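**Student:** Spelled out, the chains give:
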Amino acid sequence: AQKVTQAQTEISVVEKEDVTLDCVYETRDTTYYLFWYKQPPSGELVFLIRRNSFDEQNEISGRYSWNFQKSTSSFNFTITASQVVDSAVYFCALSESYTGNQFYFGTGTSLTVIP
Amino acid sequence: DTAVSQTPKYLVTQMGNDKSIKCEQNLGHDTMYWYKQDSKKFLKIMFSYNNKELIINETVPNRFSPKSPDKAHLNLHINSLELGDSAVYFCASSQVPIVGGQETQYFGPGTRLLVL
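Protein chains in written order, with my numbering: chain A, 1 to 115; chain B, 116 to 231.
It is worth saying that the hints were derived from the structure and are not from the lab.
What you are looking at is a predicted structure, and each value in this text was computed from that prediction instead of being measured.
Ideal placement from N, C-alpha and C gives every residue a C-beta, glycine not left out.
Warning: the hint list may mix true and false statements.
[What the hints assert, rightly or not] 25 Å max Cα-Cα, derived BS3-like pairs, lysine-lysine: (1) A:K38 - A:K70; (2) B:K156 - A:K3; (3) A:K3 - B:K124; (4) B:K156 - B:K186; (5) B:K151 - A:K38; (6) B:K155 - A:K38; (7) B:K159 - A:K3; (8) A:K3 - B:K167; (9) B:K155 - A:K3; (10) A:K70 - B:K137; (11) B:K134 - A:K38; (12) A:K16 - B:K182.
[Said to hold, decoys possible] For each label pair, taking beta carbons as the anchor points, the in silico distance ranges come out as: (13) B:D185 - A:V84: 38 to 44 Å; (14) B:S154 - A:S97: 26 to 32 Å; (15) A:Q83 - B:T219: 34 to 40 Å; (16) B:S180 - A:A81: 42 to 48 Å; (17) A:E44 - B:G199: 22 to 28 Å; (18) A:E59 - B:D133: 29 to 35 Å; (19) A:V84 - B:R227: 21 to 27 Å; (20) B:Q210 - A:S74: 24 to 30 Å; (21) B:K167 - A:V46: 25 to 31 Å; (22) A:V84 - B:N132: 40 to 46 Å.
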């Protein structure tokens, strides 16, 4: 079974629209860690956020926000007022251990922001 | 100055060869990683070293061996290369293991390996 599911393979939005990227994870552990990464068309990887299972507080960073809900095993990522530079593949990931072993990536969501 | 650098950027080689990819970080970080991204863009963590000690060793063939001569370097050696090893390999670093800390993780530009 997939540990991390990103059901949206591709999303297209028009610039300035808000968009939410879904991430659903599966774990039996009570302690775990969730991540989001960005991969622009240029190919590099960019770390965006880390969240541990004890911290359900939502995070906001500029136009980016993350909604962590343990009840639905989801860690969704919202971009407000999207811009062309947000076009990228976004990966959600889960780690079931403090050391980082059992680290699982989702398959990614490709976001295209149309000017 | 590049924070995390990898050499070479591109590597084309024949099946059966042995090759190395070098990674260096000038951020003073204690933790370094290797990731693999295959042709379908699937990402996978391969190894992580903290203070030159291996802390993550995911299921990868033992043909892959990381070597950390010092905290600033984590090189990846691959023996007996196979077609399936063709991928982009990313090196990364963080001050502490990314799972346990609040620090940001920084990635290198990637090394595109093509095995013919």
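**Student:** Taking the numbered hints from earlier one at a time, note which ones the structure violates and give those numbers from smallest to largest.
**Tutor:** Per hint list: 3, 4, 8, 10, 11, 12, 15, 18 violated.
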